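Chain by chain, the residues run as shown.
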Amino acid sequence: MSEPVSADTRPNALSAWPDARGRFGDYGGRFVAETLMPLILELEEAYETAKADPDFRAEMDLFLKDYVGKPSPIYFAERLTEEFGGAQVWFKRDELNHTGSHKINNCLGQVLLARRMGKTRIIAETGAGQHGVATATVAARFGIPCTVFMGATDVERQAPNVFRMKLLGAEVVPVTSGTGTLKDAMNEALRDWVTNVKDTFYVIGTVAGPHPYPAMVRDFQSIIGREARAQMKERLGRLPDACVACIGGGSNAMGLFHPFIEDEEVRLIGVEAAGEGVETGKHAASLKGGKPGILHGNKTYLLQDDDGQIIDAHSISAGLDYPGIGPEHAFLHDMKRAEYVSATDAEAMEMFQLCTKLEGIIPALEPAHALARVRDLAKELGKDGVILMNMCGRGDKDVPQVARMLGVEL
Amino acid sequence: MTNRLNTRFAELSAYNRAGFVAYMMAGDGDSQALLNALPAAGADVIELGMPFTDPMADGPAIQASALRALEAGMTLKGTLAQAAEFRKTDKDTPIVLMGYANPIHHMGWEAFAKAAAKAGVDGLICVDVPPEEDDELRAALGKYSIALIRLATPTTDDKRLATVVANTSGFVYYVSTTGVTGAGSGAVTEVGEAVARVQRASGLPVAVGFGVKEPDQAAAIARTADAVVVGSAIVDAMHSGGVAGAQELVKRLSSAVHAARR
Ligand SMILES: Cc1ncc(COP(=O)(O)O)c(C=O)c1O
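Just so you know, the sequences run in chain order A and B.
In the numbering used here, each residue's number is its place in the first sequence (first place is 1) plus 83.
In the numbering used here, each residue's number is its place in the second sequence (first place is 1) plus 48.
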């Protein structure tokens with residue numbers, strides 16, 4: 084067990100973690116090579132200062148409004164509600180953000196922070212390419228050179244995003260080490276950071292990595308939940324019965340959940356990628372199919388074998404194809420404040436098509452996973468229920484892949 | 049703590065000689081044969097790599113080596129078994145395990161420390177467990193008298209250096225460049241100053257590594273450092289030339305290091 088956290092440093096509200104060591108209960112922390120320690124301590128200090136600075140807040144707010152297009156609306160998905168035959172289904176429309184996903188909420192925050200810190204080079208890892216595109220976009224806007232590491236496998240299945248990043252002036256580095264997916268891209272980004280310590284800012288794309296990233300990314304993404312909570316109250320005069328979001332590393336889910344953590348009556352439901360089925364071993368469900376361990380700077384649930392070697396994740400969706408999960412989710416899972424379920428590749432494909440046909444909204448494959456569990460939940464909650472799902476990304480990037488899977492030649 | 053590491057560094061110091069630390073990956077090729085052959089080839093201390101799927105502080109040579117080892121079925125238990133086999137015939141050469149936290153955490157900090165002590169292991173370098181996170185690991189290693197060896201780097205300023213060298217034993221590993229293993233080496237004069245700084249702060253021997261490949265480079269570092277570590281070059285030699293090739297390189301490097309202060 085870890086060093087006992089004394090009573091006075093242990094946050095007393097579930098929403099008030101992490102503690103001073105960057106721990107969410109026993110999860111999180113700063114498990115990085117010594118070369119990076121001074122950098123993450125410097126980052127933590129810079130972030131704390133920025134957070135308390137009204138000028139930083141004002142700059143963020145302006146760009147969120149005029150550049151990202153905030154606030155994104157909430158939307159009553161009437162035809163899906165009818166189809167599912169139960170609770171009302173509402174979407175938080177973060178897919179309408181500039182660049183097409185929630186990722187830019189976080190990129191904007193981190194790139195503005197990088198500028199304040201005088202960093203002159205940005206690096207990022209990306210899976211689906213959405214975080215890479217969002218980072219390349221903000222970097223382009225501020226004229227900062229940007230390098231994006233992307234697994235070679237993902238470069239292939241997310242070709243449109245690779246081209247977008249290049250148009251935006253970013254250098255895309257295909258990563259062939261390991262298995263050429265998101266975890267390897269993250270390893271490679273960490274290797275780059277260890278090498279270029281002086282000028283480089285690493286923009287991590289999810290609520291993982293060493294402290295302060297999980298807390299910082301959550302804070303930047305919490306705009307999702309803050310807006311949605313106020314919008315629900317305004318439109319329906321009540322909070323939803325459940326908030327549902329897909330989970331890769333868990334940033335869109337944490338952003339939606341966090342402002343609701345103290346609303347005990349609101350269920351928080353995270354949907355992991357079950358790939359071909361959790362029982363087949365070919366999946367990306369770290370909470371369902373993993374055990375606590377240490378990777379990429381933090382302690383959390385990981386897919387691993389009997390020797391503690393990391394097992395490759397599998398998902399149709401490059402954005403969910405990660406063998407870990409943010410440490411705050413591990414904590415909320417163990418504390419039983421949030422529920423974690425999963426959806427398979429096939430379910431995601433079905434929902435991708437259904438949502439497109441019925442609502443005229445092409446969802447990214449990632450939130451299509453969440454929609455599969457919304458379907459069950461709608462029946463479970465019945466007509467009086469209200470479900471709020473984060474439509475965290477649009478599916479344009481997935482169209483070529485889905486066509487291929489449906490046997491259609493473009 | 050009197051152990052093989054302290055004894056070995058005391059011997060080296062008595063002869064005014066720098067030590068040669070050879071890194072090799074457990075499970076890559078006939079690693080048992082190489083391990084057993086290293087002392088005769090001139091290695092004063094052996095760093096035995098524990099393969100991990102995601103070695104994020106390592107360059108291409110050690111990454112590939114780890115994956116080959118895992119592919120061949122190497123595990124943490126298997127690594128410890130190789131150390132134990134070595135210890136049957138060599139009672140003096142210190143073995144330091146080097147690797148990443150997850151396999152150790154998975155085995156359990158304490159179970160690992162116990163098994164490592166039983167295998168005749170003298171120290172551990174756990175790359176992704178900095179001082180801020182090593183309380184449990186440190187307690188477990190302390191219980192079994194295994195040295196916890198920390199890394200100091202060019203980014204470690206004086207204030208941080210105090211934290212890094214507190215509670216450490218055996219030696220301090222000075223990483224000569226910001227970067228991954230196998231990358232180019234920092235200017236030798238720069239290393240000299242840093243070594244002196246780490247020696248002063250820790251009162252321990254300082255070994256310098258990351259990016260050392262050539263005998264003359266190793267010799268230049270050996271003039272100021274207590275020991276020189278070579279990893280990627282040996283791993284590559286093992287891969288291309290087998291045990292004989294790696295042995296040959298270790299002979300050349302260790303001779304250069306041992307002769308450096310003459
Ligand atoms: C649209 C979309 N949703 C979700 C994710 C998964 O990330 P997270 O779990 O951090 O929200 C990604 C990642 O690329 C994404 O592009």
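The set of hints was computed from the structure by calculation and includes no laboratory data.
Source: prediction; values computed, not measured.
Just so you know, even glycine gets a beta-carbon here, dropped at the ideal spot from N, CA and C.
Hints should not be assumed to be uniformly reliable.
Cut-off 27 Å, straight-line C-alpha distance, at most; resulting in silico cross-link-like pairs (DSSO-like, lysine-lysine) [unchecked claim]:
(1) Lys281/A <-> Lys207/B
(2) Lys281/A <-> Lys261/B
(3) Lys374/A <-> Lys125/B
(4) Lys134/A <-> Lys148/A
(5) Lys419/A <-> Lys365/A
(6) Lys202/A <-> Lys207/B
(7) Lys162/B <-> Lys374/A
(8) Lys162/B <-> Lys139/B
(9) Lys207/B <-> Lys162/B
(10) Lys134/A <-> Lys136/B
Heads up, incomplete: computed chain A residues facing chain B, CB under 8 Å, no partners named [to be verified]:
(11) Gly112
(12) Val277
(13) Thr278
(14) Gly320
Structure-based check of each hint:
A C-alpha spacing of about 18 Å is found between Lys281/A and Lys207/B, which places the hinted pair at or below 27 Å, so the restraint holds. Using a Cα cut-off of 27 Å, the hinted pair Lys281/A and Lys261/B holds, with the two alpha carbons roughly 25 Å apart. Note on Lys374/A and Lys125/B: the hinted pairing holds, with a Cα-Cα distance of about 19 Å set against a maximum of 27 Å. Restraint check for Lys134/A and Lys148/A: satisfied, since their Cα atoms lie roughly 18 Å apart, inside the 27 Å limit.
A hinted pair counts as satisfied when its Cα atoms are at most 27 Å apart, and Lys419/A with Lys365/A qualifies at roughly 26 Å. Restraint check for Lys202/A and Lys207/B: satisfied, since their Cα atoms lie roughly 23 Å apart, inside the 27 Å limit. Between Lys162/B and Lys374/A, the direct Cα distance comes to roughly 22 Å. Compliance with the 27 Å bound is thereby established for this hinted pair. A hinted pair counts as satisfied when its Cα atoms are at most 27 Å apart, and Lys162/B with Lys139/B qualifies at roughly 18 Å.
Only pairs whose Cα atoms come within 27 Å are accepted, and Lys207/B paired with Lys162/B is rejected, the gap being roughly 33 Å. About 58 Å separates the Cα atoms of Lys134/A and Lys136/B, which puts this hinted pair outside 27 Å; it is violated. A cut of 8 Å between beta carbons decides the hint on Gly112/A: the least distance to chain B is about 5 Å, and the hint holds. A cut of 8 Å between beta carbons decides the hint on Val277/A: the least distance to chain B is about 6 Å, and the hint holds.
Residue-level restraint check for Thr278/A holds (minimum Cβ-Cβ distance to chain B is 4 Å; threshold 8 Å). Checking Gly320/A against chain B: minimum C-beta separation of about 47 Å lies over 8 Å; hint violated.
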